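In the working numbering, the protein residues as written are 9 to 316.
No lab work stands behind these hints: they were computed from the structure. Just so you know, not all the hints are guaranteed correct.
As the list claims (entries may be wrong) - Dumping the calculated SDA-like pairs for lysine to any residue here, alpha-carbon to alpha-carbon at most 20 Å:
id	residue 1	residue 2
1	Lys219	Ala61
2	Lys207	Asp286
3	Lys219	Pro193
4	Lys175	Ala298
5	Lys219	Gly233
6	Lys219	Ser62
7	Lys219	Arg192
8	Lys219	Thr243
9	Lys207	Val28
10	Lys219	Glu232
11	Lys219	Ala190
12	Lys175	Arg47
13	Lys219	Asp286
14	Lys219	Ala284
15	Lys175	Leu256
16	Lys175	Ala295
17	Lys175	Glu44
18	Lys175	Glu21
19	Lys219	Gly291
20	Lys175	Gly189
21	Lys219	Leu194
22	Lys175	Pro206
23	Lys175	Arg63
24	Lys219	Glu21
25	Lys219	Pro206
26	Lys175	Pro220
27	Lys219	Leu256
28	Lys207	Gly18
29	Lys175	Ala54
30	Lys207	Ser62
31	Lys219	Asp163
32	Lys207	Asp50
Here the structure is a predicted model, which means the values were calculated and not measured.
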Amino acid sequence: MIERHDLVVGPAEDGRRLDVFLAERLPGASRSRLQELIRSGDVLLAGLPARPASRVTAGNRVSVSLTLPATADPPLLLPSPDVPLTVLHEDASIVVVDKAPGVVAHPALGHRRDTLVNALLARFPDLTGFGGSERPGIVHRLDRDTSGVMVVARDPVAAAHLRAQFKARTVEKTYLALVRGALRPLEGVIDAPIGRDPKRRQRMAALPGGKPARTVYRVLAESEGYAWLEARPETGRTHQLRVHLAALGHPLAGDRVYGRRDRLIGRTALHAWRLAFDHPVSGARVAYEAAPAADLLEALAALRLAWP
Numbered sequence: 009m010i011e012r013h014d015l016v017v018g019p020a021e022d023g024r025r026l027d028v029f030l031a032e033r034l035p036g037a038s039r040s041r042l043q044e045l046i047r048s049g050d051v052l053l054a055g056l057p058a059r060p061a062s063r064v065t066a067g068n069r070v071s072v073s074l075t076l077p078a079t080a081d082p083p084l085l086l087p088s089p090d091v092p093l094t095v096l097h098e099d100a101s102i103v104v105v106d107k108a109p110g111v112v113a114h115p116a117l118g119h120r121r122d123t124l125v126n127a128l129l130a131r132f133p134d135l136t137g138f139g140g141s142e143r144p145g146i147v148h149r150l151d152r153d154t155s156g157v158m159v160v161a162r163d164p165v166a167a168a169h170l171r172a173q174f175k176a177r178t179v180e181k182t183y184l185a186l187v188r189g190a191l192r193p194l195e196g197v198i199d200a201p202i203g204r205d206p207k208r209r210q211r212m213a214a215l216p217g218g219k220p221a222r223t224v225y226r227v228l229a230e231s232e233g234y235a236w237l238e239a240r241p242e243t244g245r246t247h248q249l250r251v252h253l254a255a256l257g258h259p260l261a262g263d264r265v266y267g268r269r270d271r272l273i274g275r276t277a278l279h280a281w282r283l284a285f286d287h288p289v290s291g292a293r294v295a296y297e298a299a300p301a302a303d304l305l306e307a308l309a310a311l312r313l314a315w316p
């Protein structure tokens, strides 16, 4: 089934990359898929072929021919009270949650009613239609397998303020990870550019020509061929921690993309433990923490490692 879209760039979208513009307007399609469509000529910017990195201008018309499975779900933005939701903090401008492992951040193909956004809508109905997309309030994401702290905006002003902080890299993100092997040295910096893997386009890789990426890590404990560590990504590349640790030869336990299945845990052993940022209204520096999910605590217990 071919779905055709004729979109007009709004004033607030002026200057955005073409692939980013489309990802926001067409949340049912992944950004990588949209980039493929642009490169194949199925996307026209002002009537002409373009590149994913081309910048759109307010008033531009963008035409897209998007091939979808015949069984694709219609775009819906519905509340789902059955999706697990743990709220760490809420006020008039933000909600801070502890995302459960296995929960997708926002609706996409194959995930229409079982995402964090659906859970948020059940508790905070005012998010409905926020931003005119299926990502109301979402200013950053965690992978499906990754558990932990996320901040969600409740209005456009808060969203813009938070996005600016993530872009400026002033948000402090601290993760806890269980990896295979013994890292040496016990503390260090991984400074390795990351780009699309030329052999496996669905994943990323540490590449000389990639975008700059930097991760600071510290080993907290070791046991039975595993290391429990704290990691702080100073940049925000896709799958950064997973790629960096795998490049060192120490993939995350349970990471089936960059490592392999693991006896201790059925998902990627990564937890967003702490998030610190400037509150979008008060300007005060705030920080929120969440303990690891139950399956990760069980893996630690099997290694006779304790939390905290």
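Non-conforming hints, listed in increasing numerical order | 2, 3, 4, 5, 7, 9, 10, 11, 12, 13, 14, 15, 17, 19, 20, 21, 22, 24, 28, 29, 30, 31, 32
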